Amino acid sequence: MPWEETCFMDERIRLIALWNEQKMSVSELGRAFGISRKTVYKWVERYAEHGAAGLQDRTTVAHHHPHATAEALVSALVELRKERPTWGPKKLRARLAELGMASPAASTIGDLLKKHGLIRPRRRRVYPPRMPSELAQSTQPNDTWCTDFKGHFALGDKTRCYPLTMTDQVSRYLLKCESIERPDTAHVKVHFERAFREYGLPLRIRSDNGPPFATAGIGGLSELSVWWMKLGIHPERIEPGHPEQNGRHERMHRTLGEETARPPRHNAVEQQLVFDCFRGDYNNVRPHEALGQTPPSSRYTASTRSMPEGLKSPEYPEGMKIRRLDAQGRLKLPGSEKATISRLLKNEPVGLIEREDGFQLFYGNVLLANLSLRNKDVRIERVK
Numbered sequence: 001m002p003w004e005e006t007c008f009m010d011e012r013i014r015l016i017a018l019w020n021e022q023k024m025s026v027s028e029l030g031r032a033f034g035i036s037r038k039t040v041y042k043w044v045e046r047y048a049e050h051g052a053a054g055l056q057d058r059t060t061v062a063h064h065h066p067h068a069t070a071e072a073l074v075s076a077l078v079e080l081r082k083e084r085p086t087w088g089p090k091k092l093r094a095r096l097a098e099l100g101m102a103s104p105a106a107s108t109i110g111d112l113l114k115k116h117g118l119i120r121p122r123r124r125r126v127y128p129p130r131m132p133s134e135l136a137q138s139t140q141p142n143d144t145w146c147t148d149f150k151g152h153f154a155l156g157d158k159t160r161c162y163p164l165t166m167t168d169q170v171s172r173y174l175l176k177c178e179s180i181e182r183p184d185t186a187h188v189k190v191h192f193e194r195a196f197r198e199y200g201l202p203l204r205i206r207s208d209n210g211p212p213f214a215t216a217g218i219g220g221l222s223e224l225s226v227w228w229m230k231l232g233i234h235p236e237r238i239e240p241g242h243p244e245q246n247g248r249h250e251r252m253h254r255t256l257g258e259e260t261a262r263p264p265r266h267n268a269v270e271q272q273l274v275f276d277c278f279r280g281d282y283n284n285v286r287p288h289e290a291l292g293q294t295p296p297s298s299r300y301t302a303s304t305r306s307m308p309e310g311l312k313s314p315e316y317p318e319g320m321k322i323r324r325l326d327a328q329g330r331l332k333l334p335g336s337e338k339a340t341i342s343r344l345l346k347n348e349p350v351g352l353i354e355r356e357d358g359f360q361l362f363y364g365n366v367l368l369a370n371l372s373l374r375n376k377d378v379r380i381e382r383v384k
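In terms of the working numbering, the sequence shown opens at residue 1 and continues consecutively.
Treat the hints with care, as some may be off.
Stated by the list, open to error - In silico lysine to aspartate or glutamate, DMTMM-like type, Cα no more than 20 Å apart, as pairs:
{"hint": "1", "residue 1": "Lys90", "residue 2": "Glu309"}
{"hint": "2", "residue 1": "Lys23", "residue 2": "Glu45"}
{"hint": "3", "residue 1": "Lys176", "residue 2": "Glu198"}
Keep in mind that the hints were calculated from the coordinates and are not lab data. As the structure is a prediction and not an experimental result, all values here were calculated from the model.
Whole structure, please, built from the sequences with the hints as guidance.
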């Protein structure tokens with residue numbers, strides 16, 4: 001027992017002894033010990049009820065908390081968090097409201113989760129400043145689709161899974177989440193075709209600069225992006241080393257990894273079943289803060305541009321000179337030798353805009369290169 005508390009106990013025992021001897025009145029005891037009459041009666045009553053133990057100080061604990069969260073609600077919250085371990089307080093609050101339960105503030109939910117050991121503090125991360133982007137602004141569903149691969153990982157049978165994902169930029173709707181064997185055009189194209197037939201065509205598809213979406217060739221064109229352009233879709237690429245320009249898609253990837261790949265399933269079939277369940281939950285149940293705590297399905301509508309049966313070369317505006325590449329993807333300018341542009345564009349029309357020192361070369365609305373003539377040679381300056 002601390003020294004201070006021991007001294008107080010001695011004083012109270014002396015007070016009780018004098019009271020029992022009836023040598024002093026309540027008023028006299030109060031004056032002698034520097035306490036009120038009410039306090040004298042308090043110690044006398046505690047001694048009569050509990051003996052010497054009643055003279056010890058009691059901790060000040062409220063027996064009733066009028067603003068405490070109801071136990072039933074706390075239990076429901078804990079169960080929901082265990083069911084949805086990646087959901088934060090705001091999403092949990094929205095879900096409780098949807099279930100007809102009057103939930104507390106998000107900050108209170110956060111405190112309750114911490115109290116029950118359901119939140120681990122995250123390490124603070126330092127992000128570099130974001131660079132201004134020239135990417136097109138999207139205001140309606142299907143203005144821009146975003147695509148990428150979630151980092152590949154090994155399955156239980158030792159094969160590798162490459163999750164191909166597609167989302168709508170505005171509504172955050174997860175269009176596709178497919179487990180594919182290899183990240184090449186042959187394995188990827190079929191899933192884009194299925195997406196186009198199911199949801200229609202977007203105006204743009206945003207990706208990084210890696211294959212099969214882009215290559216190091218002229219204009220960054222790949223077989224896949226040329227196919228998109230023949231369907232009337234503009235390929236849009238983020239700056240190298242700046243995944244934040246596709247930040248909404250990357251944020252979805254973090255949730256995807258947390259809920260579907262830890263641990264990975266035994267084989268591709270089992271893993272795809274998990275992806276399908278995640279996609280249904282992500283689109284139709286999971287509240288999204290940027291959408292007012294509603295799921296993406298409440299904001300997404302399919303495109304009115306349906307998948308065509310055939311491909312069509314890009315059209316060019318008036319005033320632009322049109323030249324068709326040959327079967328080897330070479331360009332012939334008047335008075336020059338043939339220059340190889342790209343085998344991906346064999347037999348395709350390209351557009352030329354004349355300038356003082358040569359031409360700007362376009363395929364559709366994609367600027368491929370600047371061309372200049374030196375004697376009979378065509379010099380190609382790629383656009384970075």
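*asked:* Check the hint pairing Lys23 with Glu45 against an upper bound of 20 Å on the C-alpha distance.
replied: 18 Å, holds
message: Can you confirm whether the C-alpha distance between Lys176 and Glu198 stays at or below 20 Å?
response: OK: Lys176 and Glu198 at ~11 Å, within 20 Å.
Q.
Check whether the Cα positions of Lys90 and Glu309 lie no farther apart than 20 Å.
A. 45 Å, violated
The structure fails hint 1 only (numbered hints given earlier).
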